[in-house]
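From first to last, the protein sequence lines stand for chains W and L.
Position 257 of the first sequence, counting from 1, maps to 257 under our numbering, and the rest follow consecutively.
Position 233 of the second sequence, counting from 1, maps to 233 under our numbering, and the rest follow consecutively.
Incorrect hints may appear among the rest.
You can't tell identical chains apart in this list, so a pair holds if it fits in one copy or across any two.
[As the list claims (entries may be wrong)] The list that follows gives simulated cross-link-like pairs (lysine to any residue, SDA-like), each with its CA atoms no further than 20 Å apart: (1) K179 x Y86; (2) K81 x M146; (3) K286 x Q297; (4) K296 x D254; (5) K246 x D303; (6) K296 x R258; (7) K296 x V215; (8) K296 x Q259; (9) K188 x S53; (10) K296 x Y221; (11) K185 x D303.
Treat the hints as calculated values from the structure; they're not laboratory data.
There are 2 protein chains.
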Amino acid sequence: MSLVVVGTMAYDSVKTPFGERDRALGGSATYFSFSASFFTDVKLVAVIGDDFSAEDLDMLTSRGVDADGVARLPGKSFHWKGEYGYELNEAKTLDTQLNVLSEFDPVLPESYKDAEYLFLANIDPTLQRKVMDQAKNAKLVACDTMNFWIEGALDELKKTLERVDILIINDGEARMLAKTSNIVKAAKEIRAMGPSTLIVKQGEYGALLFHEDDVFSAPAYPIEQVFDPTGAGDTFAGGFMGHIAKMNEEKLNDRLLRQAIIMGSAMASFTVEKFSVDRLKELDRKDIADRFRQFKQLTHFEDLSDQI
Amino acid sequence: MSLVVVGTMAYDSVKTPFGERDRALGGSATYFSFSASFFTDVKLVAVIGDDFSAEDLDMLTSRGVDADGVARLPGKSFHWKGEYGYELNEAKTLDTQLNVLSEFDPVLPESYKDAEYLFLANIDPTLQRKVMDQAKNAKLVACDTMNFWIEGALDELKKTLERVDILIINDGEARMLAKTSNIVKAAKEIRAMGPSTLIVKQGEYGALLFHEDDVFSAPAYPIEQVFDPTGAGDTFAGGFMGHIAKMNEEKLNDRLLRQAIIMGSAMASFTVEKFSVDRLKELDRKDIADRFRQFKQLTHFEDLSDQI
Numbered sequence: 001m002s003l004v005v006v007g008t009m010a011y012d013s014v015k016t017p018f019g020e021r022d023r024a025l026g027g028s029a030t031y032f033s034f035s036a037s038f039f040t041d042v043k044l045v046a047v048i049g050d051d052f053s054a055e056d057l058d059m060l061t062s063r064g065v066d067a068d069g070v071a072r073l074p075g076k077s078f079h080w081k082g083e084y085g086y087e088l089n090e091a092k093t094l095d096t097q098l099n100v101l102s103e104f105d106p107v108l109p110e111s112y113k114d115a116e117y118l119f120l121a122n123i124d125p126t127l128q129r130k131v132m133d134q135a136k137n138a139k140l141v142a143c144d145t146m147n148f149w150i151e152g153a154l155d156e157l158k159k160t161l162e163r164v165d166i167l168i169i170n171d172g173e174a175r176m177l178a179k180t181s182n183i184v185k186a187a188k189e190i191r192a193m194g195p196s197t198l199i200v201k202q203g204e205y206g207a208l209l210f211h212e213d214d215v216f217s218a219p220a221y222p223i224e225q226v227f228d229p230t231g232a233g234d235t236f237a238g239g240f241m242g243h244i245a246k247m248n249e250e251k252l253n254d255r256l257l258r259q260a261i262i263m264g265s266a267m268a269s270f271t272v273e274k275f276s277v278d279r280l281k282e283l284d285r286k287d288i289a290d291r292f293r294q295f296k297q298l299t300h301f302e303d304l305s306d307q308i
Numbered sequence: 001m002s003l004v005v006v007g008t009m010a011y012d013s014v015k016t017p018f019g020e021r022d023r024a025l026g027g028s029a030t031y032f033s034f035s036a037s038f039f040t041d042v043k044l045v046a047v048i049g050d051d052f053s054a055e056d057l058d059m060l061t062s063r064g065v066d067a068d069g070v071a072r073l074p075g076k077s078f079h080w081k082g083e084y085g086y087e088l089n090e091a092k093t094l095d096t097q098l099n100v101l102s103e104f105d106p107v108l109p110e111s112y113k114d115a116e117y118l119f120l121a122n123i124d125p126t127l128q129r130k131v132m133d134q135a136k137n138a139k140l141v142a143c144d145t146m147n148f149w150i151e152g153a154l155d156e157l158k159k160t161l162e163r164v165d166i167l168i169i170n171d172g173e174a175r176m177l178a179k180t181s182n183i184v185k186a187a188k189e190i191r192a193m194g195p196s197t198l199i200v201k202q203g204e205y206g207a208l209l210f211h212e213d214d215v216f217s218a219p220a221y222p223i224e225q226v227f228d229p230t231g232a233g234d235t236f237a238g239g240f241m242g243h244i245a246k247m248n249e250e251k252l253n254d255r256l257l258r259q260a261i262i263m264g265s266a267m268a269s270f271t272v273e274k275f276s277v278d279r280l281k282e283l284d285r286k287d288i289a290d291r292f293r294q295f296k297q298l299t300h301f302e303d304l305s306d307q308i
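The task is simple: from the sequences and hints, build the whole structure.
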């Protein structure tokens, strides 16, 4: 089934303790659509400048990603410059140049409007709603956000949250949004704002899923060489939504959500092994299947509750 | 099989955002032995002052804990005073009075010396070795330590680590001991120091096990009301070692270690629900079995690697 994503396409300058790269292909919609393209048809909505290389766009379309919704405007593409310390868990933003992103007015091509699945990457919550207004047939809407909108546009963000089914955010953002440090309480508060399903990303510790009365704890894959964490969250979301769209089940359910989270985690675990989407470019289905199996192995234990 | 533990018995003054208590029964050996007593015979080695109440000691012996190795010295028992903020992940130590602990010279009663399992709670690494010297028949030795010894007695600690089978520490301590932030690399460094098996506690995020070529990721139980985290780590160790001693398998193996970690996590998840050992006092086998089952439910997902 087809999956529409709206987000950023960017060139990033990234420095990690292991190296640096200028103008690495990046942006939430780039990582998301590359990751999701392993599982389903992806329709991309974004804005790029006239500096955006045809090669980079071709790389996505050659994977079956529909780029009809990518608008090219005069000016430069969105640019982010950041640096990671040895901890690698949080980037220090050195520079953000919105460039053409400041004029982003997402318009869905006609061919996008009957898409069943919609992912709103981390952009202005007003724009997120604008996309929802156009995708009338979406039966499942998931979104991401960040501290910038929680702090600076909370009312707008809340209007968006009222209308989404799944919110995917990191644990610091969840605590900030709910104004409480306990993550179980925070999940309750946030789900009362609209999203019936909440996924809390915990970086190197994995992720928590809150759905109906159920909680699922997904591990992170222990990686000896985390090279560049940029894009991990969007790659996770791409694997997650890609799997859900592929399965296209009648109703969102716990079994499906759990598998989708592991799929997202598996995809994210690849992204951080190299700069940009370099590692994703090398992947085939066998790599993904192997990693999924490793997640199963990583968490398996025998129930002995009847012997206690 | 019998399990010897050496550690502290204390009275703690604890303040959390939810309340405070003076002279709450505490200490690593107290939490450990209470927790392990659900699974196996526990033999306790510790020192107490003349202020230590007979009632508190009776509470442990009435659970089958052997207190022959508990020495009572003139003076006051070890006292720790700490406070937790809303984050509840790290205590701020307000006062530490070693009192009789400063004269602690652990001597194992004859009846302890053929114990198969030994746990060295967080005390001076020189004392930890002194206990090992007396427990000649121990077939499995596990230990804990803390930043205080890593910073102040690293050479002594390393001499201890050379001789232990399992080290159980938290992730901050693991990074400090290995001088590296990546936890997979840290695990390699630490296991090269001696312990073939390493358990890294990650607080509210669970725990990681490194054993032979295997990694296991255990979740933490999501608790809406963490009341007082004091003793969680020692309760974890008690459930972990208690289960291993109970099963008394020929050889340490991955299946056993994984189950033991979940058992430890289940026990720890109870401790934090109330002050001191109050919650442990209320437990029966059914509570523990139910919690174990919840851990299984919390992490279960279906392998779909053959459908990718």
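Hints the structure fails to honour: 9, 11
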